[in-house]
Amino acid sequence: MNTLLDVLTGVCLVVGAMMSLAAAIGLLRFPDLMSRMHAATKPQVLGLLLMLAAVGLQMRSWALLPLLLVAWLFQLLTVPVSAHMVGRAGYRTKHRRPEMLSVDELDDVVAAVVEGESPDS
Amino acid sequence: MRGTKNGAAKHADRRPWILKRLPLLVWLVLVWGALWQDFSAGNLIFGALIALAVAQAFYLPPIELSGRFNWLRGLLFLLWFIQQVMIASFQVLYWAVVKGPRIRNAVIAVPLRSPSDLLMTAVGHVLSLIPGSLVVEVDRGSATLYVHAMNAPTPESVAKVRQGIQDIEARLIQVMGTKEELAAVNAEKAGAPLLTHAGEPQP
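From first to last, the protein sequence lines are chains A and B.
Reminder that position 10 of the first sequence reads as 10 in our numbering, one-by-one numbering, no gaps.
Reminder that position 185 of the second sequence reads as 185 in our numbering, one-by-one numbering, no gaps.
Simulated from the structure, these hints should not be mistaken for lab results.
Every residue gets a Cβ at the ideal spot worked out from N, C-alpha and C, and that includes glycine.
Keep in mind that the hints are not guaranteed to be accurate.
To be verified - Derived SDA-like pairs (lysine to any residue); straight-line CA-CA distance at most 20 angstroms: (1) Lys160(B) <-> Val103(A); (2) Lys179(B) <-> Leu65(B); (3) Lys99(B) <-> Met100(A); (4) Lys99(B) <-> Met18(A); (5) Lys99(B) <-> Pro31(A); (6) Lys99(B) <-> Arg36(A); (7) Lys99(B) <-> Leu27(A); (8) Lys189(B) <-> Ala170(B); (9) Lys179(B) <-> Gly191(B); (10) Lys99(B) <-> Asp32(A); (11) Lys99(B) <-> Pro98(A); (12) Lys160(B) <-> Glu105(A); (13) Lys160(B) <-> Met100(A); (14) Lys99(B) <-> Glu99(A); (15) Lys99(B) <-> Leu21(A); (16) Lys99(B) <-> Ile25(A); (17) Lys99(B) <-> Arg97(A); (18) Lys94(A) <-> Arg104(B).
What the hints assert, rightly or not - Residues on chain A that point at chain B, a partial pick, calculated with CB under 10 angstroms: (19) Met37; (20) Gly47; (21) Val70; (22) Leu101.
Generate the whole structure from the sequences, applying the supplied hints.
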């Protein structure tokens, strides 16, 4: 039983660390700010879950379990907000590369609003 | 991009203050207990006092709940969500290694069915947590999310991403949507067309 739990812990740790590696590779390889955002924020949702699972499997304490759950829940609540804020700011400050996008349905909307506000300029 | 909230008459909530805040208070007490790793009565009561003070001092605008919550659907949703996160995490790893600089993304407008703030926020959170998509902009008035999606080079893949997000919304409606929204989702399964809040025809 203990060996099984140790093996499970090991798998969780290695796969969780692999998610950090994925983020690093993504940061290096992806071409623009938005896709790098994806790589930098998202794999850690699973990465942290696996790391916390590994901690839980080793500690095996019921008092610790709610703490691990709360840690993961707060990650779930904050990751989309930070990703959204960076993505939105990046889009608005033209740190996007239109040639990287196959379609941009927001561009038309923004253009329509800009035209509506200042028809002369 | 901030539209005005239309329709949706506010129901006057006549329940006492403490009942309206109960979910928030319970959550705060649970976080308190978890942080201390101590769920003894004394600690929880002290936590409840602090939760009351915090809820008074940092007033949050009330959330309009639908009054429906299906726990079984909620559990199924959680399992489905973890499965999606796992698949998508490895997908992003694969794209990072194989596609790298050649990846083609898209910014996609996704009209949603429900104008409810809570559901829009929930859909936005879930799709942002699943690797490969991220909310860039929200049009609250027409209940439209503008989503940045990875690896969507063709119109077909764009349509697939849009359907996937509307599927997330359908699942969330099954968990906690209003009865009307649930009826609409069930009608879709029987072959009815998807009616978005913005009312534009679906491509």
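Each hint tested on the structure:
no.: 1; hint: Lys160(B) <-> Val103(A); verdict: holds, 14 angstroms
no.: 2; hint: Lys179(B) <-> Leu65(B); verdict: holds, 12 angstroms
no.: 3; hint: Lys99(B) <-> Met100(A); verdict: holds, 13 angstroms
no.: 4; hint: Lys99(B) <-> Met18(A); verdict: holds, 18 angstroms
no.: 5; hint: Lys99(B) <-> Pro31(A); verdict: holds, 10 angstroms
no.: 6; hint: Lys99(B) <-> Arg36(A); verdict: holds, 13 angstroms
no.: 7; hint: Lys99(B) <-> Leu27(A); verdict: holds, 13 angstroms
no.: 8; hint: Lys189(B) <-> Ala170(B); verdict: holds, 10 angstroms
no.: 9; hint: Lys179(B) <-> Gly191(B); verdict: holds, 19 angstroms
no.: 10; hint: Lys99(B) <-> Asp32(A); verdict: holds, 13 angstroms
no.: 11; hint: Lys99(B) <-> Pro98(A); verdict: holds, 18 angstroms
no.: 12; hint: Lys160(B) <-> Glu105(A); verdict: holds, 15 angstroms
no.: 13; hint: Lys160(B) <-> Met100(A); verdict: holds, 19 angstroms
no.: 14; hint: Lys99(B) <-> Glu99(A); verdict: holds, 16 angstroms
no.: 15; hint: Lys99(B) <-> Leu21(A); verdict: holds, 16 angstroms
no.: 16; hint: Lys99(B) <-> Ile25(A); verdict: holds, 11 angstroms
no.: 17; hint: Lys99(B) <-> Arg97(A); verdict: holds, 17 angstroms
no.: 18; hint: Lys94(A) <-> Arg104(B); verdict: holds, 17 angstroms
no.: 19; hint: Met37; verdict: holds, 6 angstroms
no.: 20; hint: Gly47; verdict: holds, 8 angstroms
no.: 21; hint: Val70; verdict: holds, 4 angstroms
no.: 22; hint: Leu101; verdict: holds, 6 angstroms
Checked against the numbered hints above, the structure violates none of them.
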